[in-house]
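A.B. asks: One line per chain: the protein sequences are A and X, in this order.
Going by our numbering, the first sequence opens with residue 1, and the numbers climb by one from there.
Going by our numbering, the second sequence opens with residue 710, and the numbers climb by one from there.
If you are wondering where the hints come from, they were derived from the structure by calculation, not from laboratory data.
Don't take each hint at face value.
Stated by the list, open to error - No farther apart than 20 Å at their CA atoms in a straight line, the calculated lysine to any residue pairs in the SDA-like style are these:
{"id": "1", "chain 1": "X", "residue 1": "Lys773", "chain 2": "X", "residue 2": "Ile1185"}
{"id": "2", "chain 1": "X", "residue 1": "Lys953", "chain 2": "A", "residue 2": "Asp606"}
{"id": "3", "chain 1": "X", "residue 1": "Lys913", "chain 2": "A", "residue 2": "Asp606"}
{"id": "4", "chain 1": "A", "residue 1": "Lys475", "chain 2": "X", "residue 2": "Asp1170"}
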Amino acid sequence: MAVLSKAGCNQGTCHGNRSGKGGFKLSLRGQDPAFDYVALTRGPRGRRVDRVIPEKSLLLLKPAAEVPHEGGRRFRVGDVPFEILRSWIRSGAPGPDSRSAKLERLEVSPGKELEVLVDPAAELQIRVHAVFSDGTRRDVSELAVYEPVGDIVEVSSSGLIRRSSFGESTVLVRYLGRQEPVRVAFVPAGKGYEWRGPLEKNFIDKAIFGKLRRLRLNSAEVCDDTVFLRRATLDLAGRLPTSDEARAFISAEKPGKRARKIDALLVTAGFADFWALKWGDLLRNEEKVLDRKGVQVFQRWIRESIAAGKPLDVFARELLTARGSTYRNPPANYLRANRDVLQRAENTAQVFLGVRLACAKCHNHPFERWTQDDYYGWAALFSRVRYKVFENKRRDGLDKNAFVGEQVVWIARDGELKDPRDGKSVAPLLLGAAAGGPGEKDDPLEFLADWVTSRENPFFSRSLVNRIWFNLMGKGLVDPVDDFRATNPPSHPELLERLAGELEESGFELRKVIRLIMNSSAYQLSSVPVDSNGKVETGFARVLPRRLDAEQLVDGLAQVMGVSPSFNGYPRGIRAVQLPGTNAILPRYKKPSSADVFLKLFGKPDRMLTCECERMSQTHLAQAFHLVSGPMLHDMISRGDNRLGVLADSGLGEMGLISELYWSALGRPPSEAEVASARRLFSSAGGGRVALEDLAWALVNSKEFLLRR
Amino acid sequence: MNRKDRERLLSRGVPGACGDFETTGISRRSLLSVGGLGMLGLTLPGLLRAEEEVAAAAPPVKAKSVIFLFQFGGPSHVDTFDMKPGAPAEIRGPHKPIKSVVPGLPVSEHLPRMAKQMDRICLVRSMHHTMKNHNSAAYYALTGHAPPRDDQRLRDSLSLYPAYGSVVDKVAPLKSELPTFVSYPHVISDGSVTPGQRASFLGKAHDPFFIAEDPNSKNFKLPELSLPSGLSFERLQRRREMQKLIDSQSRLLEYSASAKGLDDYYKKALTMLSSTRVRDAFDISREPAAVRERYGRHTYGQGCLLARRLVEAGVRFVTVYFDATIGGRSATSGGWDTHGFDNTRMFPIIEKRHLPITEQTLPTLLDDLDDRGLLDDTLVVWMGEFGRTPKINANKSRDHWPQCYSALLAGGGVKGGYVHGASDSTGAYPSRDPVRPDDLAATVFQLMGIDPATEVYDTQDRPLVIAEGEAITELIA
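Please take these sequences and the hints and turn them into a complete structure.
C.D. replies: Rendered as structure tokens:
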């Protein structure tokens, strides 16, 4: 079977496909040897395996391209794979035998530690040994399958890693259903390398800078105050600093002002607004299923939980165990939003454990230990959730996805999940080996919540700190942020452990972890590269600039222009980060406002998935059109009652106007070159208002404005 | 072996969450080998191997562009291109077939111009699936992937598949200032927006360049390509100069990939705003009045004309929606969904609206493409989301029928005057060579030179093939 995996026969695109290929189907990546054995030996009239004349077996002729094969030639006559298959057939094509030795584990070198290779080293040979239950140990390097993640490296079929570019990568090694990751980094020699990074302020810096030293990279310098203030205000309050705030912060000379600013921002209303927005995405707070009132009460509950500093384990427990009216007990909206048992199971694992289970619905997870049994056992925990729908006042009676009106979430006494594979009842089971399942009398979700928030559960605190890290640092220590698995190891394992420990120690206090991260030098690094770290985007050596979130952009533009954009269905004055839902249902006959359109275009999620990935941070052409001449920004800039009008009448001189616009848009004074150009703009535009509009446009369209750096 | 037996055999397996995931038993290949290749003893290895090496590479490009004319609502197959004159009156309906230029390929008497052009058409008469609701069925038609459920208000989400054009934009984009994928002039919906019109998990960067304006209106122009009043192009350039200066101060363009990416889009947007090539492609007013008349002075007709202009300029995938709604209750508006509700009746409506518009636009488009030498490498697809019930209902009309319907292909590498598959005597089920939307999708991609097994990644980083069906090689010229 390993031979077929090696040749790629049982990949998802070939015979491992859901419906096979050319009438021949294998289990995906050889996960089901018994099935494959039948497929190979009981195929159409025994043509696949010909025990009499092995060489006539299609199993040999097809992949060797001796007869036409849509998948091309996988190996040649006489090659090792060919010979292994031939000798298997010649010996009568014996099936999997319960008495034969089982594969116990793989020993892979290099091991779990990151292997760092300094230029000119550009290759690394992987060695794989299989250890079987009868104690035998065999070198299977030639038979194992190697899959690099990303395009930093290439791997030959015999396990030789070759560098394509500098950076860090993981290579998955698979053999007979077992997998191990190999972590490798290729780094430039950095002649005369010497660490020149900033002071280590806490254990975070120790971990981040320690790894950079191993990678022979230098970190960027610590950013200046203007960059820090803008970054911190965006990250914590989801908005830009005002010109007054910016001026005050820059001129404050005292030491410790950054730490004080962090503390101050953490208790602002903006902090609760912005972090509630992020949780609202994950908890699927949207109008079609929760209705407008439900969305409002749920958002208010999330926001108040954050404002009050509710411990995150309590927060999670309340969401998982809330019962009763979705209007009077807002966290019950979590279960209201996830109406289907499999959806509840998958989403809960993804949000609270950082585990993606969806693959295991249809096949044993190709990169992870989760099997279909794990999947349905976990799902069975959610099978007794019921909804009492008093009255569904949805406007469209045909829309089965819409719910308008109060509902009661309750847990039925019975209601077992049937395994779709064999129709039998599934016993509810927690994820992971030692976890077990609830007793007869237990409420399955209380039982689940106990485990999710307990310290025995290896996922909860790690996935939470990883999400916090992701929101502040732009990339998770485990990336993607909700994809924890053995084959996707964290970039800084010991840091992840330590942060998770800190979160547990603090009693699951969100602000504690935020403070730790934001007061580190690592968080406060500049985005300007030094030496070679511009070439290697790894290890958090510098801050990678990224586009502002949709809501941050709309609020930021509105703040600079001094206008309140309208959002359909909400009173004027509400800010985009405060919108409770997604506007999935608009008041009848109303079109989305230009700000609503802008939000969608810049990636505000529809909250149909419990995934950070639904908030699309990409940039694209349509966005550029909206920034260049789109209706929302054009109206904000040109309307008579905006801040530009106030400034034009303020009696500030030309220099004062230029300076004020710079401070409010970018939080800094203009440079000399910028003053000169802005003055030219004023003289050529031949009028204060026109020049103000042009300068304002240029400022908010600058990359410095659009990106968080 | 009859159809039911065969389907039962084909779908035999463990019923489960994932359909035929564990299918074993007799398969298409074994059926084939009984009477086909198996008897030849599989020789000719040399010759066939040479062929196979080609097949493993990207397929040759036969259709540089595709015009996808989507007939929302579901046209009746038995009243257009798969008539059943021999069937009882309650099935054959009041319309009569007429001969076309292709022997044995009659069409409705209301399509005499089409009859003269059937030699250009590759007709698939054995389309089938099981989605009875417009949104689920239309999603299937627009993406080639079966929806997760048959739901009248199927909700769009990033877990659903992208439109064909978005896939093309992802895996084979144009390298010019023109958009790869253009769609217009409606966002179709039935109670809620129909999924499958956009890029979904591929990301908004691959959404269609969508035009909401009516190409038949006197002031037709694109908001993206026109500046608001008070903003001249010169003034915009002044702004851009200032923006560049600020960008140079932060040096972000030197070291940030995001900044560079953003700036590239600014460049592209400004190029499009100033490019005559792009604006001309969309400027339908440059067409002679006679040409515009020929296509018909209505939204759909001018949409077909615009499609020809766009393809001529190089756009790879153009989707034209017949109407925004399923319609069916008016002879002056709406799509093909003619149930006969509220005292409306199907036949008067399609006689007055749907058939005349089809008769006016489709032959005109094919002629026009051919006259300009574009038809050979432009694939035209004309289809709805399903057909209609062979048996006429109590309202003297027909209801939804996904079990069997027709799709028309023309140009771009398909055989002309060719019929693939067939329906049974009443048009109720395929009787030969059944085709699923999955197979049609694979065929379209293959004709475009895109391997249907190409993988794209969804939001969970799962590799998904762009078309799960098998390309229908028989209809490729």
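A.B. asks: Each hint should be assessed against the structure and marked as holding or not.
C.D. replies: To see whether the hints hold, each was checked on the structure:
Between Lys773/X and Ile1185/X the alpha-carbon distance is near 15 Å, which keeps this suggested pair within the 20 Å criterion. Annotation: proposed proximity of Lys953/X to Asp606/A is violated, straight-line Cα distance about 34 Å (limit 20 Å). Between the alpha carbons of Lys913/X and Asp606/A the distance comes to roughly 13 Å, so the proposed pair stays at or under 20 Å and holds. Using a Cα cut-off of 20 Å, the hinted pair Lys475/A and Asp1170/X holds, with the two alpha carbons roughly 16 Å apart.
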